[in-house]
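Q: Each chain is listed here by its residues.
Protein chains: 2
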Amino acid sequence: MRKINIAILGCGIVGTGVAKLLMDKQKVLESKIGASLNLKYVADLDTQTDRGIKFREGVFISDAAKAIDDPEIDIVVELIGGKNVAKDFILRALKNGKHVVTANKALIAEYGNTIVRTAATNSVDFAFEASVGGCMPVIKTIRESLVANRINSITGILNGTCNYILTKISQEGCPFDVALKEAQAKGYAEADPFLDIEGHDSAHKLSIVTALAYGMEINIKDIHVEGISRITPMDIEFAREFGYTIKLLAISKNNTDKVEARVHPTMIPTTHPLAHVHGSMNAVTINADATGETMLYGAGAGMMPTASAVLSDITDIARNIMVSSQNETSSATSRRRVPILGFQDSNITQIPIMPVTEINTCYYIRLAAVDRPGVLSKITGILGDRSISIQSVHQKGRRYNGPVSIVMITHVAIEKDVQLALKEIANLDVIPEEPVVIRIEDDITA
Amino acid sequence: MRKINIAILGCGIVGTGVAKLLMDKQKVLESKIGASLNLKYVADLDTQTDRGIKFREGVFISDAAKAIDDPEIDIVVELIGGKNVAKDFILRALKNGKHVVTANKALIAEYGNTIVRTAATNSVDFAFEASVGGCMPVIKTIRESLVANRINSITGILNGTCNYILTKISQEGCPFDVALKEAQAKGYAEADPFLDIEGHDSAHKLSIVTALAYGMEINIKDIHVEGISRITPMDIEFAREFGYTIKLLAISKNNTDKVEARVHPTMIPTTHPLAHVHGSMNAVTINADATGETMLYGAGAGMMPTASAVLSDITDIARNIMVSSQNETSSATSRRRVPILGFQDSNITQIPIMPVTEINTCYYIRLAAVDRPGVLSKITGILGDRSISIQSVHQKGRRYNGPVSIVMITHVAIEKDVQLALKEIANLDVIPEEPVVIRIEDDITA
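Protein chains in written order, with this note's numbering: chain A, 278 to 723; chain B, 278 to 723.
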């Protein structure tokens with residue numbers, strides 16, 4: 278049986294999971310692929326800590342270069358994380374004619390275009406299903422299943438830590454800090470949770486699916502990003518009264534000559550399937566012209582779900598190798614079967630991402646206002662001057678001896694106008710606190 | 278650019294959709310595949326009715342054999358439906374060395390094993406993503422994304438007509454017949470809705486995913502099937518009071534040496550994501566060892582969603598042709614890349630499907646009983662004698678001048694015992710009507 282040699286770089290949580298699957302599932306993988314996936318190397322600087330795996334002699338090594346430069350290796354799996362070392366290893370592997378698999382979304386978001394070009398130049402594959410949505414087949418669905426569709430929009434809950442925290446606040450009414458501590462205690466949140474809770478991890482993932490969906494280069498720098506650290510139990514409660522749930526959404530919309538791509542806390546109708554995605558689970562809805570709305574749901578992180586996605590990439594490449602070398606006396610290499618970014622390289626364009634100030638949507642606005650006659654008319658006057666009309670307004674009884682809460686839902690308005698109006702409102706002497714604004718997505722249907 | 282020649286057999290709803298996509302999306306498909314998908318023939322006995330498509334001269338023909346026997350054709354797409362003609366055309370195409378794509382679940386359920394063997398003998402591919410769940414990538418996810426997983430169970434809402442009817446009864450409290458008429462008026466239900474509402478369409482689909490998931494031959498004849506025609510607004514209302522929703526589920530469980538495969542109305546917790554799948558939408562949850570629970574959700578039928586799935590199969594085959602013929606002077610044919618049933622042919626076994634009498638689950642039982650002292654103790658006595666213990670029992674106030682409703686939820690019991698106990702209960706002279714039994718799935722987690 279044809280042997281396909283694999284090297285894993287980085288034996289942390291996901292690396293360990295991939296090694297386990299390759300060893301435990303060897304027989305069944307052979308019966309599905311018709312080739313043997315041979316784990317030739319696992320390289321990690323720390324070869325002392327017990328990973329609970331009994332590697333064969335010579336497999337567990339500390340020198341990644343030995344694996345990357347070994348002519349027998351067909352597939353290099355980068356699971357080191359971070360950007361510098363990982364990038365160097367990936368580029369070196371590609372230049373050595375190895376196919377590369379990774380789960381490293383931060384790296385792809387920043388250096389993906391360079392990596393894709395290097396893979397093309399060297400006629401090898403670069404695969405990254407595990408970088409978005411863990412075990413959910415987001416990338417395969419976009420590149421393969423929806424191939425005949427124009428994708429209109431993608432809306433995702435792509436960070437389990439944030440979704441866990443929002444679920445916790447929503448179900449128990451606890452403040453953000455308490456929910457975050459619990460997420461850390463349960464192992465969902467990193468010791469430094471900045472990338473997660475400030476939305477950057479979701480943005481990395483959004484930059485990848487946005488490129489794949491519309492045939493454009495990866496562009497992380499123009500994605501608007503807001504995190505969940507300012508979300509309060511009070512806003513979640515008010516949202517519920519209006520029939521909404523608050524989720525950290527990664528939103529991408531295809532406006533043909535421009536694209537929307539943004540990550541922020543969002544109010545969605547409680548009847549929408551995404552509103553029922555609880556805890557650390559992830560989900561993505563994809564709206565496309567032929568299919569209408571489809572949704573994928575699953576574990577977005579964790580050792581084995583992520584390892585499962587890495588294995589699907591390894592298997593794809595192994596199957597490509599088998600198909601393209603079946604009748605040839607030659608070579609280890611396969612030809613690239615599915616274009617890395619979904620479209621042939623020559624069809625990848627640079628579609629600009631709209632500034633967030635240009636988007637059109639509805640808004641939830643909460644103001645703390647001094648309880649005085651005429652305040653509401655002053656506020657609505659400012660909004661009206663900017664053509665922002667109100668769907669619904671509630672003045673909430675005061676909970677303590679201070680300002681009252683005024684909560685409003687607007688009709689569709691232009692973000693720029695909303696920002697200018699709120700700046701003006703915040704300057705009123707009857708508004709002692711910064712207004713809270715949460716965007717609403719009403720038009721995601723499912 | 279390499280041209281890949283396609284023939285569509287059958288220009289009904291789905292055939293028309295596939296032709297439309299191939300023509301409307303030609304450019305974008307080229308930019309994703311690097312080959313040109315050329316619709317050479319559309320064959321249908323009726324070439325007179327306007328399909329709203331302007332075919333090139335010579336494309337729209339009435340003689341399918343001309344397409345099947347044309348040496349230039351690479352891929353034959355069977356969308357005639359039914360079993361006899363469709364089967365003959367598919368086998369003839371495979372023997373002619375054509376790859377075949379179909380959406381015909383009834384045909385695959387009955388003749389799939391023969392077709393798979395014929396495809397193997399002739400070294401061509403047979404693809405059927407559109408046969409299960411419309412545009413949801415169920416088959417691709419099982420065969421490719423979850424390749425390194427042991428699949429534990431698959432639970433699906435696989436028939437949009439039934440889900441539409443159950444949603445309607447649930448939301449409006451109307452009786453089954455009224456909901457069915459509305460489904461027909463809206464075009465969801467066929468004029469003869471038997472295959473849909475009696476569960477056979479779901480069973481066809483379940484036979485396919487069960488084979489793919491566990492590496493076994495397709496077996497439709499041993500699947501237990503019950504439809505929804507006996508579901509009443511009353512049972513839906515009682516289910517809700519217990520925290521359940523009633524859905525027609527296709528359930529498949531991997532018990533290693535045996536498999537469960539059954540289609541029947543099922544009560545699931547209202548907190549489960551499947552409980553939020555409304556109207557004509559479909560969804561499938563897959564529980565696997567590495568990934569845990571994943572779910573796919575989307576339009577399970579309809580012209581364009583189904584056509585989208587057919588196009589994903591056509592594209593897969595086209596990409597295989599490109600990969601395997603890139604450097605060859607030869608031939609139209611590709612090598613088969615993913616085994617048709619997920620496992621290499623030699624690894625496909627015959628795992629038996631358990632008789633439904635052997636399953637273990639919880640049950641909802643509704644009895645109409647004459648309101649007389651001692652009735653309840655008689656009933657619970659019979660259940661107790663068969664080791665069936667009760668989780669919860671409610672005696673419902675009488676709605677009319679007749680028997681009262683006794684509603685019970687059992688703990689886990691063996692189906693055979695429940696059937697025997699109910700037979701005995703039905704024979705009591707205080708039980709004037711046939712008992713209603715609905716199985717409960719409590720252990721599907723998501």
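It should be emphasised that the hints constitute simulated quantities derived from the structure, not laboratory data. Fair warning: this is a prediction, and the values are worked out from it, not measured in the lab. Take the hints with a grain of salt, since some may be wrong.
Pairs count within a copy or across copies, as identical chains cannot be separated in the list.
List time: in silico DSBU-like cross-link candidates among lysine-lysine, alpha-carbon distance up to 30 Å [stated by the list, open to error]:
no.: 1; residue 1: Lys445; residue 2: Lys280
no.: 2; residue 1: Lys360; residue 2: Lys343
no.: 3; residue 1: Lys445; residue 2: Lys304
no.: 4; residue 1: Lys297; residue 2: Lys700
no.: 5; residue 1: Lys700; residue 2: Lys304
no.: 6; residue 1: Lys372; residue 2: Lys655
no.: 7; residue 1: Lys498; residue 2: Lys317
no.: 8; residue 1: Lys535; residue 2: Lys304
no.: 9; residue 1: Lys297; residue 2: Lys535
no.: 10; residue 1: Lys280; residue 2: Lys535
no.: 11; residue 1: Lys364; residue 2: Lys693
no.: 12; residue 1: Lys673; residue 2: Lys364
Q: Hint by hint, note whether the structure agrees.
A: A quick look at each hint next to the structure:
1. Lys445 / Lys280: Neither: 48 Å inside a chain and 55 Å across chains, both beyond 30 Å.
2. Lys360 / Lys343: within (20 Å within a copy, 57 Å between copies)
3. Lys445 / Lys304: The answer is neither: 42 Å in one copy and 47 Å across copies each exceed 30 Å.
4. Lys297 / Lys700: For Lys297 and Lys700, neither the intra-copy (55 Å) nor the inter-copy (51 Å) Cα distance is at most 30 Å.
5. Lys700 / Lys304: Classified as neither: same-chain Cα gap 64 Å, cross-chain 47 Å, threshold 30 Å.
6. Lys372 / Lys655: This pair counts as neither: shortest intra-copy Cα distance 65 Å, inter-copy 79 Å.
7. Lys498 / Lys317: neither (38 Å within a copy, 45 Å between copies)
8. Lys535 / Lys304: For Lys535 and Lys304, only the inter-copy Cα distance (20 Å) is at most 30 Å; the intra-copy one is 48 Å.
9. Lys297 / Lys535: Answer is between; shortest inter-copy Cα gap is 27 Å, intra-copy 44 Å.
10. Lys280 / Lys535: neither (46 Å within a copy, 32 Å between copies)
11. Lys364 / Lys693: neither (38 Å within a copy, 61 Å between copies)
12. Lys673 / Lys364: For Lys673 and Lys364, neither the intra-copy (53 Å) nor the inter-copy (68 Å) Cα distance is at most 30 Å.
Checked against the numbered hints given earlier, the structure breaks hints 1, 3, 4, 5, 6, 7, 10, 11 and 12 and satisfies all the rest.
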